[in-house]
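Chemist: If you read the sequences in order, they're chains A and B.
Residue numbering for the first sequence follows my numbering, starting at 1 and increasing by one per position.
Residue numbering for the second sequence follows my numbering, starting at 1 and increasing by one per position.
Calculated directly from the structure, the hints in this document are not laboratory data.
Small disclaimer: the values here were computed from a predicted structure and weren't measured.
It cannot be assumed that every hint is accurate.
Simulated crosslink set (DSS-like; lysine-lysine; CA at most 25 angstroms straight-line) [unchecked claim]: (1) LYS69/B with LYS103/B; (2) LYS57/A with LYS103/B; (3) LYS52/B with LYS57/A; (4) LYS103/B with LYS52/B; (5) LYS52/B with LYS3/B.
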Amino acid sequence: KAGVTQTPRYLIKTRGQQVTLSCSPISGHRSVSWYQQTPGQGLQFLFEYFSETQRNKGNFPGRFSGRQFSNSRSEMNVSTLELGDSALYLCASSLRWRGNTEAFFGQGTRLTVV
Amino acid sequence: DAKTTQPPSMDCAEGRAANLPCNHSTISGNEYVYWYRQIHSQGPQYIIHGLKNNETNEMASLIITEDRKSSTLILPHATLRDTAVYYCIVRVEQAGTALIFGKGTTLSVSS
Chain A
1 KAGVTQTPRY LIKTRGQQVT LSCSPISGHR SVSWYQQTPG QGLQFLFEYF SETQRNKGNF
61 PGRFSGRQFS NSRSEMNVST LELGDSALYL CASSLRWRGN TEAFFGQGTR LTVV
Chain B
1 DAKTTQPPSM DCAEGRAANL PCNHSTISGN EYVYWYRQIH SQGPQYIIHG LKNNETNEMA
61 SLIITEDRKS STLILPHATL RDTAVYYCIV RVEQAGTALI FGKGTTLSVS S
């Protein structure tokens, strides 16, 4: 079956703009989580969604937001982009929110802020 | 913050077993040990997880010490394609799917 799909794969934005990234989880998976990866900070948890509700949030400013739709697809939005937001943004889907469940990651969206 | 400590890098000869250690001395009774790996510029890939018993699947074996303060991931016959960053993560399964990554171990497999 198809894996986790993230679109777009690459994106270049100007400082001050906003951006929306999309994630389609594996069919049947209901939990989606987002991560930011930078060379300096490594992989950092942003937030996770289950049943259209944000369940947990990492330590990121309010400029970072997300949502999940009834079909489990998720989007994340970053407003007022800063140069430091340049990163690989990864989405992961899981069958459930709790319990013995592994996370499957997409290939990520590479965001460059200039 | 990550609750695990791993060596920053390790080398392994192709065909030999790769043994990757992880220290999680503050692990709680309801925390599982998960291992993921990330091959350059790809999304992390799940490898294996366990609570207190040793586990084995088609990719690897996980050995957890009796006191659960440390564990070892074993790749029995490493290949060049196993070159990656390996992350050891402790997770409370009832707390959600969030994974708190540390810096991981960069495993370099050479011929």
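Chemist: Look at each hint and say if it fits the structure.
Modeler: Each hint, compared with the structure:
1. LYS69/B with LYS103/B: holds, 18 angstroms
2. LYS57/A with LYS103/B: Holds. LYS57/A to LYS103/B sits at ~20 angstroms (cutoff 25 angstroms).
3. LYS52/B with LYS57/A: violated, 29 angstroms
4. LYS103/B with LYS52/B: With a Cα-Cα distance of about 23 angstroms, the restraint between LYS103/B and LYS52/B holds, given a limit of 25 angstroms.
5. LYS52/B with LYS3/B: With Cα atoms ~17 angstroms apart, LYS52/B and LYS3/B stay inside 25 angstroms; holds.
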